[in-house]
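Visitor: Single-letter residue listing:
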Amino acid sequence: GQNIDQPTEMTATEGAIVQINCTYQTSGFNGLFWYQQHAGEAPTFLSYNVLDGLEEKGRFSSFLSRSKGYSYLLLKELQMKDSASYLCAVDGDYKLSFGAGTTVTVRA
Amino acid sequence: IAGITQAPTSQILAAGRRMTLRCTQDMRHNAMYWYRQDLGLGLRLIHYSNTAGTTGKGEVPDGYSVSRANTDDFPLTLASAVPSQTSVYFCASSATSGAYNEQFFGPGTRLTVL
Numbered sequence: 574g575q576n577i578d579q580p581t582e583m584t585a586t587e588g589a590i591v592q593i594n595c596t597y598q599t600s601g602f603n604g605l606f607w608y609q610q611h612a613g614e615a616p617t618f619l620s621y622n623v624l625d626g627l628e629e630k631g632r633f634s635s636f637l638s639r640s641k642g643y644s645y646l647l648l649k650e651l652q653m654k655d656s657a658s659y660l661c662a663v664d665g666d667y668k669l670s671f672g673a674g675t676t677v678t679v680r681a
Numbered sequence: 002i003a004g005i006t007q008a009p010t011s012q013i014l015a016a017g018r019r020m021t022l023r024c025t026q027d028m029r030h031n032a033m034y035w036y037r038q039d040l041g042l043g044l045r046l047i048h049y050s051n052t053a054g055t056t057g058k059g060e061v062p063d064g065y066s067v068s069r070a071n072t073d074d075f076p077l078t079l080a081s082a083v084p085s086q087t088s089v090y091f092c093a094s095s096a097t098s099g100a101y102n103e104q105f106f107g108p109g110t111r112l113t114v115l
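Those protein sequences? They're chains R and Y, same order as listed.
Using this note's numbering, the letters of the first sequence correspond one by one to residues 574 to 681.
Using this note's numbering, the letters of the second sequence correspond one by one to residues 2 to 115.
So here's chain Y without its partners, still in its complex pose:
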């Protein structure tokens, strides 16, 4: 593994189903983030974690949950998917959560909820 990986690459999901998007980084970065990217809206922060064991809500957290049990992994869970959650999801990480927090992005997961 080099950098950040996400799984699955893409997924079609029935509304009401539960889904977990996986994200793993091998850079020993403290901070991790989940974004969704929708046409015309840019990247919007869903949840973040400044360090293992802590999480926080971003701009659009409703319908999503996260956990950060260790440094490397930051899964995003949709408890009961709805069509408005159709989007491309990017996981990112940065060495710190302070100033100059350059973020490195995973390849993304394209999720379609029908």
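If we strip away everything but chain R, and leave its shape as in the complex, we get:
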């Protein structure tokens, strides 16, 4: 089976940094994805990690430790438009298993 855990909610101030953690226990591992989902909309791709380490894409970075079953998504210089749910998804058997998502609220 697949078990993917992430916090339910986080709140941060505009301009700040927020780190969303994701821990997973899966029967296999082919990679880890982060998706962003605004309320009432479809999820959209943010990042992909398959090797240990940090992947940076502008204001967003994603880290993976396969030995620890751990990833985080780092959002820097937060903007109001970053208020959304962030979904951690693990490719365990060439199909994605999703965490329940972390709702991030950015306050002015």
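No wet-lab data here; the hints were simulated from the structure.
All clues stand as given, with none of them false.
Just so you have them, the derived chain R footprint on chain Y, three or more residues with Cβ under 8 angstroms:
no.: 1; segment: 37 to 44
no.: 2; segment: 91 to 104
no.: 3; segment: 107 to 113
The following label-pair restraints were derived from C-beta to C-beta distances:
no.: 4; chain 1: R; residue 1: S634; chain 2: Y; residue 2: T78; range: 36 to 46 angstroms
no.: 5; chain 1: Y; residue 1: G99; chain 2: R; residue 2: A589; range: 34 to 44 angstroms
no.: 6; chain 1: Y; residue 1: G57; chain 2: R; residue 2: T586; range: 38 to 48 angstroms
no.: 7; chain 1: R; residue 1: A589; chain 2: Y; residue 2: G57; range: 37 to 47 angstroms
no.: 8; chain 1: Y; residue 1: K58; chain 2: R; residue 2: F602; range: 17 to 27 angstroms
no.: 9; chain 1: R; residue 1: A589; chain 2: Y; residue 2: T21; range: 42 to 52 angstroms
no.: 10; chain 1: R; residue 1: L647; chain 2: Y; residue 2: G57; range: 26 to 36 angstroms
Since we're looking at a predicted model, the values are computed, not measured.
For glycine and all other residues, C-beta sits at the position ideal for the given N, C-alpha and C.
Using the hints provided, position chain Y relative to the given structure of chain R.
Guide: Below, chain Y without anything else, positioned relative to chain R:
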């Protein structure tokens, strides 16, 4: 059409009725997926298709069926709807069913079964 489209956008359905949710992609992706999203549970895979002509069961397949007659279309059918099938349904596709299978999602169908 650009990307993935789903129809209808929303639907209210009486319990016991049959319903087909439509999904069409124009990216020539091999793999397609159906998920349901419920508050607090995240996205759960219902059925998938790695290529036209093949389908497989996901985590929560009971009460649902799919077909994949061609590359572009992947309809999801509820044979006899029940209230527990009230959810938001997302269709997705990916270029391959192997590693690095980044999935692209449709806009979703909000289904209410009364």
